[in-house]
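Chains as they are written, first to last, in numbering that gives the first Met the number 0: chain A, 0 to 328; chain B, 0 to 299; chain C, 0 to 325.
The set of hints was computed from the structure by calculation and includes no laboratory data.
Treat the hints with care, as some may be off.
Stretch by stretch, here's where chain A covers chain C in the computed footprint (C-beta under 8 Å, at least three residues) [what the hints assert, rightly or not]:
no., stretch
1, 72 to 85
2, 182 to 191
3, 214 to 224
4, 269 to 275
Cβ coordinates follow ideal geometry from the N, Cα and C atoms, glycine included.
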Amino acid sequence: MANNVLEIKDLSIHYEMREGVVKALNGVDLALKEGASHGLVGETGAGKTTLAKGVMGLMPKPYGKIKSGQVLYDGQDLLQLNKQEMRRIRGQHISMIFQDPMTSLNPVMTVGDQIMESIRNHEKLSRRDAAKKAKEILELVGIPYVRAEEYPHQFSGGMKQRVVIAIALACNPRVLIADEPTTALDVTIQAQVLETIRDLRQKFHTSMLLITHDLGVIAQNCEYVSVIYAGEIVETGTVHDIFGRKLHPYTQGLFSSIPNINETVTRLIPINGLMPDPTALPEGCAFCERCKYAEERCSREHPSLYAMGGEENIHQVRCFRYEQNGEGR
Amino acid sequence: MAKPRSAEQATKQRSLMQEAWLQFKSNRLAICGLIVIGLLLLISIATTVIDLADGGTLYKQLVTKQNLLEKLDGPSAAHILGCDEYGRDLFFRILWGTRYSLFAGVCTILAAVLIGGLFGAIAGYYGGKLDNVIMRVMDMMMTVPSLVLAMAIVAALGSSLVNLLIALATSQIPQFARIVRSSVMAVKGSEYVEAAKAVGASDALIIAKYIIPNALSPVIVQGTLGVATTILNVAGMSFLGLGIQPPAPEWGSILSSARVYMREAWHISVFPGLAIVICILSLNLLGDGLRDALDPKQKR
Amino acid sequence: MEGNELLRVNHLKKYFQTPHGTLSAVDDVTFGINKRETLGVVGESGCGKSTLGRCILRLHEPTAGEVVFEGKNILACDKKEMKSLRSKMQIIFQDPYASLNPRMTVSQAIAAPLIIQGVYSAKEKEKIQKKVAEMMDVVGLASRLVNSYPHELDGGRRQRIGIARALSLDPKFIVCDEPVSALDVSIQAQVLNLMQDLQQQMGLTYLFITHNLSVVKHLSNQIVVMYLGQLVEKASPDQLFHNPCHPYTQALLSAIPIPDPDIPMRRMVLKGELTSPINVGPGCRFAKRCNYAKPECNEASPEMVEVEPGHVVACHMAGAVNKTHE
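Kindly produce the complete structure, drawing on both the sequences and the hints.
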């Protein structure tokens with residue numbers, strides 16, 4: 000069994016704002032296996048981007064506070080590193096792709112220069128060698144190397160995102176965090192970009208944390224899945240565990256909310272209500288108010304993750320309905 | 000047990016202006032600026048009211064009363080900031096001089112905002128040739144440095160307070176035309192403007208109710224900073240002898256006459272200068288605070 | 000025009016003049032929508048679907064063609080007639096953050112159309128409040144939000160305000176420009192259900208613009224696929240999904256990631272990138288990217304060919320293109 004290249008343990012991140020404390024993440028655990036692709040599914044406000052930024056050490060400065068937890072990369076806790084050490088990690092060991100390709104690239108630098116900058120930040124190469132490597136990477140993402148002299152505005156959305164991927168993978172990092180990399184793209188371009196990522200991952204054996212709200216993208220690109228709701232993981236397992244069994248009521252709700260192109264649906268079954276206000280999270284289960292199985296206990300006690308076996312014996316659900324079958328953690 | 004709040008129940012029904020005020024309040028420097036300017040405004044109003052009420056007797060007593068025995072005296076118990084070259088109390092002169100600066104600043108900017116804003120709104124909303132013509136005229140006005148333009152106008156029209164204000168306002172019009180134009184252009188393309196059009200709203204209604212209220216923020220910020228610039232310009236003009244004429248205790252003209260006495264009577268230069276600095280600084284802090292509070296991108 | 004048709008678009012064109020040449024945003028589009036039905040307009044960025052929607056409402060002035068609403072060509076109407084027509088034809092926008100005036104409360108936003116159209120005068124506050132309350136109820140907005148501002152509410156609620164605003168004039172026809180694309184999945188479902196219910200209750204006709212085929216499948220009676228300003232295929236949802244004939248439709252369908260890890264995607268790869276809509280030459284606009292293209296595809300624009308009843312395709316190879324995706 001492959002070991003974990005990245006382990007997030009009991010991570011809690013709060014934003015201390017004027018109006019109150021936003022509890023963005025509350026005790027999140029996530030283990031990214033070496034060479035694997037792990038999907039993180041959730042909606043707006045669930046804490047997905049906070050998690051990504053927490054791992055990368057990119058928390059917004061004055062008000063983002065890490066309350067507890069560890070982020071272990073190869074055994075080393077990233078949260079204990081100083082700025083200099085963290086800078087060495089970023090780009091070379093752990094890279095991130097953001098959602099909006101339109102704003103991820105510097106509009107006044109050529110594409111080639113931006114890739115080179117990433118390379119030269121971490122490797123001691125001459126300008127010429129770095130330029131050569133940049134062109135190689137451009138070809139790898141399917142962009143003719145002659146376009147290295149062009150500026151971002153001369154590229155389409157999909158190609159910009161591919162440039163972003165090239166920058167992220169230029170130094171061959173072991174971990175890639177992709178935060179909704181294709182949400183802003185058309186579906187045919189999305190397919191192209193995801194394929195590019197897949198090919199590069201195979202070539203470089205990169206592990207990936209893929210953050211998205213699109214269940215289809217998860218199904219086609221991930222081996223493991225964690226579902227995040229109101230700052231905590233509510234279900235986690237292999238992709239077959241989640242898609243096949245769908246144990247947590249929120250997971251079930253997500254599936255019935257999406258129109259499946261292969262099925263004949265006359266009406267969608269949405270989840271009623273809204274995600275709770277992160278400045279005033281309920282005492283019990285965060286999903287309690289919207290859950291059709293909710294009992295009195297659910298509003299008082301906070302459920303832990305219960306082990307449910309599954310394909311690789313890693314399937315866990317945070318719901319009292321499974322307390323009997325599984326063992327509490 | 001506190002009932003969990005979903006985003007539903009968290010609505011506080013605060014308008015954008017109220018949110019901006021909260022943000023502004025948390026900026027200590029900006030509040031300082033606001034307080035100082037408030038104080039200066041109060042002084043301006045008070046001195047004007049006093050003069051109107053008592054027909055200028057206090058003015059003659061405190062501000063223009065000459066006492067050649069005390070000329071160029073430094074700060075003392077009798078005269079807190081000392082006396083000028085005619086023995087006039089400097090403190091009361093500076094106090095009474097406040098209204099010229101503030102009044103000139105505010106009036107000028109109001110006029111510049113209204114006129115510049117009107118042209119800018121028309122240029123921005125209708126675009127095309129009209130836009131071109133208006134903005135090229137504005138560009139031409141901007142090529143002349145504001146002080147030089149003001150001097151030219153005053154030289155042509157004569158140096159009275161009104162002409163001074165006209166001159167200064169003219170030099171400030173182009174920047175507001177530009178700001179309003181770009182705000183209008185940005186808002187014009189918004190979907191909520193399209194929505195209004197889709198319901199059949201007229202152009203006038205759209206400009207008045209949809210575009211202008213949303214284009215105000217940069218104007219407010221720039222206006223505040225513009226008052227500061229104008230006050231400096233007024234002082235500058237008076238310093239050059241082109242603005243407000245003595246014996247009116249305008250800060251710039253006090254400075255002007257203090258030049259020759261700088262060696263022996265430093266206080267006549269320093270204190271009015273300090274007054275100008277404090278006024279400008281406060282306006283800048285206020286303007287910065289407003290910009291931070293009103294800039295939507297600053298909101299998390 | 001058939002008796003049951005509410006809207007018909009005939010040879011609609013919208014060209015923009017740019018410094019680089021003529022941009023054909025909408026090029027010779029023809030279709031009809033029956034009363035109380037939904038037409039889905041599907042396509043990716045740059046296909047012209049949003050421009051099409053706006054041209055139908057004359058938010059952009061079309062360059063040529065006809066838009067026939069209830070038997071009358073609205074492009075020939077003057078300003079006054081247009082204003083009164085606007086109460087029957089409305090629009091719901093994509094971006095719930097940009098489509099509401101940040102300085103107007105919920106109540107003001109919903110009441111604005113009523114005042115502008117003169118249904119009520121600004122002084123008849125009680126009647127206006129009553130109507131606003133009614134609309135909020137219809138779209139599922141809690142009444143205590145009546146004085147809230149858009150920035151205090153989430154995307155789903157803002158979109159409901161947009162819907163309430165569109166409905167306040169009791170229109171017959173609504174252009175829905177990607178109304179759920181900017182919303183979370185669970186909120187999308189809520190809003191889509193709401194729109195479905197409203198259609199039934201109020202007898203609305205929708206033009207539903209989206210890039211998300213799966214969303215439009217269960218809502219539409221008919222779907223048209225657009226590419227670079229032109230209609231390439233028109234069919235019922237079943238026909239389109241089970242028998243897509245145009246290569247672009249096939250590629251589009253094959254690119255949708257299926258939420259089932261055991262069904263692999265058999266993606267039909269398109270060559271190259273989206274070509275420019277500026278100064279388009281003769282011939283099929285999809286030819287450069289098409290895997291089935293032949294020389295004649297570049298010479299003349301394809302005509303609409305019927306492949307089965309109610310299913311037309313604009314392709315020179317129609318019928319000959321293999322059905323590789325079931």
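Verification of the hints:
no.: 1; hint: 72 to 85; in the structure: violated (count 0)
no.: 2; hint: 182 to 191; in the structure: holds (count 8)
no.: 3; hint: 214 to 224; in the structure: holds (count 3)
no.: 4; hint: 269 to 275; in the structure: holds (count 3)
This entry does not satisfy hint 1, going by the numbered hints stated previously; all others are met.
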